[in-house]
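Novice: This is what each chain is made of:
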Amino acid sequence: MLPQNLGSETNIKLPFSFIIFSLVALVVSQALLLFNGQMMTAGSFRIPAIWSAAHLLILGWALMVAMGSMYQLVPVAFLTKIWNETFGFIQFFVTGTGIVLFAAALYWSPQHAMIPGTLTLLGILMFLLQMVLTLKAQAKPNILTAFVGTALVCLFLTIALGITLIYCLKSGAAADYYQAIFKSHLLLGLTGWFTLLIFGFSYKMVPMFSLSHGFPMVQARFVFSFYVSGLVMALLSFFTEQSLLLKTGFFFLLVGFSIFSWHISIIIKKRLKKKLDKPFAFALSAIGFGNIIHLSAFILLWTPGFKDLIGPLVYTYILLWIILSITGYLYKIVPFLWWTFKYSKEIGKAKVPVLKDMMNDRIIVPVLFFFVASVIVIFFALVLKSVILFNIGQSVASITFIVMAFSIISVLKK
Amino acid sequence: MNSEEKILDALKSVYDPELNINVVDLGLIYGIGISDNGNVQITMTLTTPGCPLHNSITSGVRYCVEAVEEVRNVDVNLVWQPAWSPDKMTEDGKRALGRW
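Chains as they are written, first to last, in the UniProt record's numbering: chain A, 1 to 414; chain B, 1 to 100.
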């Protein structure tokens with residue numbers, strides 16, 4: 001049983017509820033992808049099973065883990081307490097139920113996804129309310145507030161557009177704008193919500209885990225301005241069908257991401273901790289992958305091959321940028337949460353383990369290495385439309401994800 | 001060993017669990033005030049405001065100083081000015097980071 005919260009520290013049950021849910025959703029989503037590999041390699045991404053797997057991966061895994069992490073990180077980054085922890089538990093229950101029913105409806109009966117989708121929306125709206133009221137209490141807003149605040153707005157728009165898509169599918173309304181709404185839903189969810197959120201928290205976590213001091217922060221303003229401008233331009237181009245606007249938008253997104261990469265490298269060079277922890281190093285490598293994918297997308301936009309390659313590129317963006325970043329940080333956050341509640345009352349009284357001892361370090365490198373390798377294999381399988389290659393890559397990815405899930409949960413035995 | 005030395009020695013048992021360096025070598029202890037009746041005030045900082053180990057480290061400091069024989073009460077005064085910087089670390093602390 002998890003220990004009770006005895007002081008003002010975060011109640012471990014809240015972030016852990018989200019994180020454990022997310023690990024289960026991750027394993028199920030991978031199994032669904034594995035069993036439907038043939039359709040994906042034939043270029044059919046938009047079929048019920050893939051919708052279900054994609055939403056389990058994005059909502060069940062990445063969104064839930066992001067929410068759980070935010071319940072832990074927002075008080076750290078913004079020096080303010082979570083507005084209402086009990087409300088957080090209710091929000092977990094509503095969102096979790098919504099996502100499970102939503103993924104099930106997408107798999108078996110997409111036309112009935114409206115009600116569970118609305119329940120998921122309600123859960124996310126509750127989360128947004130929780131975060132808005134928490135951030136409102138922040139004494140002095142800063143550039144991190146801009147990143148995280150904008151990410152929360154994008155999350156709201158992503159979900160609203162997702163619900164609109166289901167409504168359009170059911171009623172046949174706004175058929176002319178269906179493609180534009182779908183693209184906006186995808187762009188806002190991936191770059192608006194996840195990327196801006198990772199950017200924002202990276203500015204707190206990278207200096208913290210590397211013990212960096214004396215670095216400039218002026219670049220963060222340029223990262224924010226370029227990236228958000230690029231996002232808005234790309235969104236407008238979907239509805240106006242202006243090719244040049246789309247290209248300009250992708251260019252701004254690339255510039256914003258590149259400045260972020262450069263800025264993080266400056267912060268890392270100013271570090272005091274010479275040897276970085278392995279999971280943290282993988283989270284940093286995700287920035288490199290994200291930058292390469294942004295560059296590739298911008299270059300491919302000028303070629304006729306863009307339509308065929310954007311699907312595999314989006315898949316790689318989700319896995320090698322968003323999920324690799326989150327996983328790397330998760331290997332740091334989970335041991336910290338468990339350590340805090342198991343040993344924080346012992347520090348100064350008895351010898352306590354250090355955070356590094358909480359996780360089996362030897363398993364992390366092969367797990368994350370196979371994760372990266374399998375995603376690269378899947379990318380080429382999708383490009384080459386090779387079912388065999390896809391099945392090999394997806395089998396390795398699924399096993400890796402299961403080992404990863406158990407290695408994270410094993411912290412609770414320490 | 002006088003009282004201040006005993007307290008400093010006790011504080012060396014409190015480690016930052018992320019860095020695996022004790023609070024003294026990390027340069028987090030700014031001052032130790034001892035009154036005649038055994039009341040002790042520790043003025044300290046953390047490497048960053050909003051450090052997630054805030055409560056754990058300050059509680060650890062209180063517990064270990066309370067355990068020193070001559071001490072009656074302990075007050076931990078957490079300050080952010082002057083801000084912590086690497087030059088506040090001891091040579092042992094710098095070596096432990098593998099930087100020097």
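Accuracy of the hints is not assured; some may be wrong.
Straight-line alpha carbon distances no greater than 27 Å define the calculated DSS-like cross-link-like pairs of lysine-lysine that follow [claimed, not checked]:
hint, chain 1, residue 1, chain 2, residue 2
1, A, K273, A, K13
2, B, K12, A, K332
3, B, K6, A, K278
4, A, K81, B, K12
5, B, K88, A, K342
6, B, K6, A, K269
7, A, K356, A, K278
8, A, K351, B, K94
9, A, K273, B, K94
10, B, K6, A, K275
11, A, K414, A, K351
12, A, K170, B, K6
13, A, K342, B, K12
14, A, K349, A, K269
15, B, K94, A, K81
16, B, K12, B, K88
17, B, K88, A, K273
18, A, K351, B, K12
19, A, K140, A, K278
20, B, K94, A, K204
21, B, K6, A, K345
22, A, K274, B, K88
23, B, K12, A, K356
24, B, K6, A, K414
25, A, K140, A, K81
26, B, K94, A, K269
27, B, K88, A, K351
28, A, K204, B, K88
29, A, K273, A, K183
30, A, K274, B, K12
31, A, K274, B, K6
32, A, K13, A, K307
33, A, K270, B, K94
34, B, K94, A, K274
35, A, K413, A, K307
36, A, K385, A, K81
37, B, K88, A, K270
38, A, K273, A, K342
Everything labelled a hint here was simulated from the structure, so no lab data went into it.
Novice: Give a verdict on every hint.
Specialist: Consistency of the hints with the structure:
1. For the hint pairing A:K273 with A:K13, the CA-to-CA distance comes to about 31 Å; that exceeds 27 Å, so the pair is violated.
2. About 25 Å separates the Cα atoms of B:K12 and A:K332, which keeps this hinted pair within 27 Å; it holds.
3. Proximity of B:K6 to A:K278 is assessed by CA-CA distance (about 38 Å); at most 27 Å being required, the pair is judged violated.
4. Of the supplied pair hints, the one linking A:K81 and B:K12 is violated, its CA atoms being roughly 30 Å apart against a limit of 27 Å.
5. Among the hinted pairs, B:K88 with A:K342 is inconsistent with the structure: their alpha-carbon atoms are about 30 Å apart, more than 27 Å.
6. For the given pair, B:K6 sits about 38 Å from A:K269 by alpha-carbon distance, which is inconsistent with the 27 Å threshold.
7. Between A:K356 and A:K278 the alpha-carbon distance is near 10 Å, which keeps this suggested pair within the 27 Å criterion.
8. Annotation: proposed proximity of A:K351 to B:K94 holds, straight-line Cα distance about 22 Å (limit 27 Å).
9. Between A:K273 and B:K94, the direct Cα distance comes to roughly 9 Å. Compliance with the 27 Å bound is thereby established for this hinted pair.
10. As the CA atoms of B:K6 and A:K275 are separated by approximately 33 Å, the hinted pair breaks the 27 Å bound.
11. Under the criterion of a C-alpha separation no larger than 27 Å, the hint pairing A:K414 with A:K351 is consistent with the structure, at around 14 Å.
12. Note on A:K170 and B:K6: the hinted pairing is violated, with a Cα-Cα distance of about 75 Å set against a maximum of 27 Å.
13. Using a Cα cut-off of 27 Å, the hinted pair A:K342 and B:K12 holds, with the two alpha carbons roughly 21 Å apart.
14. Between the alpha carbons of A:K349 and A:K269 the distance comes to roughly 36 Å, so the proposed pair goes past 27 Å and is violated.
15. With a CA separation close to 33 Å, the supplied pair B:K94 and A:K81 exceeds the 27 Å bound.
16. Pair hint B:K12 plus B:K88 holds up; C-alpha atoms about 15 Å apart against a cutoff of 27 Å.
17. Distance hint between B:K88 and A:K273 is fulfilled; the C-alpha atoms sit about 15 Å from each other, no more than 27 Å.
18. Between the alpha carbons of A:K351 and B:K12 the distance comes to roughly 12 Å, so the proposed pair stays at or under 27 Å and holds.
19. This hinted pair does not check out: A:K140 and A:K278 have alpha carbons roughly 33 Å apart, beyond 27 Å.
20. Only pairs whose Cα atoms come within 27 Å are accepted, and B:K94 paired with A:K204 is accepted, the gap being roughly 22 Å.
21. For a cut-off of 27 Å, the pair hint linking B:K6 to A:K345 stands: about 22 Å separates their Cα positions.
22. Distance check on the hinted pair: A:K274 and B:K88 sit about 18 Å apart at the alpha-carbon level, within 27 Å; holds.
23. A distance of roughly 20 Å separates the Cα atoms of B:K12 and A:K356; the hinted pair therefore holds under the 27 Å criterion.
24. A hinted pair counts as satisfied when its Cα atoms are at most 27 Å apart, and B:K6 with A:K414 does not qualify at roughly 32 Å.
25. Between A:K140 and A:K81 the alpha-carbon distance is near 14 Å, which keeps this suggested pair within the 27 Å criterion.
26. Note on B:K94 and A:K269: the hinted pairing holds, with a Cα-Cα distance of about 16 Å set against a maximum of 27 Å.
27. Note on B:K88 and A:K351: the hinted pairing holds, with a Cα-Cα distance of about 25 Å set against a maximum of 27 Å.
28. Note on A:K204 and B:K88: the hinted pairing holds, with a Cα-Cα distance of about 22 Å set against a maximum of 27 Å.
29. For the suggested pair A:K273 and A:K183, the alpha carbons sit about 42 Å apart, so the restraint of at most 27 Å is broken.
30. Proximity of A:K274 to B:K12 is assessed by CA-CA distance (about 22 Å); at most 27 Å being required, the pair is judged to hold.
31. For the hint pairing A:K274 with B:K6, the CA-to-CA distance comes to about 32 Å; that exceeds 27 Å, so the pair is violated.
32. A distance of roughly 44 Å separates the Cα atoms of A:K13 and A:K307; the hinted pair therefore is violated under the 27 Å criterion.
33. For the given pair, A:K270 sits about 14 Å from B:K94 by alpha-carbon distance, which is consistent with the 27 Å threshold.
34. A C-alpha spacing of about 10 Å is found between B:K94 and A:K274, which places the hinted pair at or below 27 Å, so the restraint holds.
35. The straight-line distance between the Cα atoms of A:K413 and A:K307 is roughly 48 Å, outside the 27 Å bound, and the hint therefore fails.
36. Taken as a hint, the A:K385 and A:K81 pair is broken in the structure, with Cα atoms around 49 Å apart against an allowance of 27 Å.
37. A threshold of 27 Å between alpha carbons decides the hint, and for B:K88 with A:K270 the separation of about 16 Å falls inside it, so the pair holds.
38. Taken as a hint, the A:K273 and A:K342 pair is honoured in the structure, with Cα atoms around 26 Å apart against an allowance of 27 Å.
In terms of the numbered hints stated before, the structure departs from hints 1, 3, 4, 5, 6, 10, 12, 14, 15, 19, 24, 29, 31, 32, 35, 36, listed from lowest to highest.
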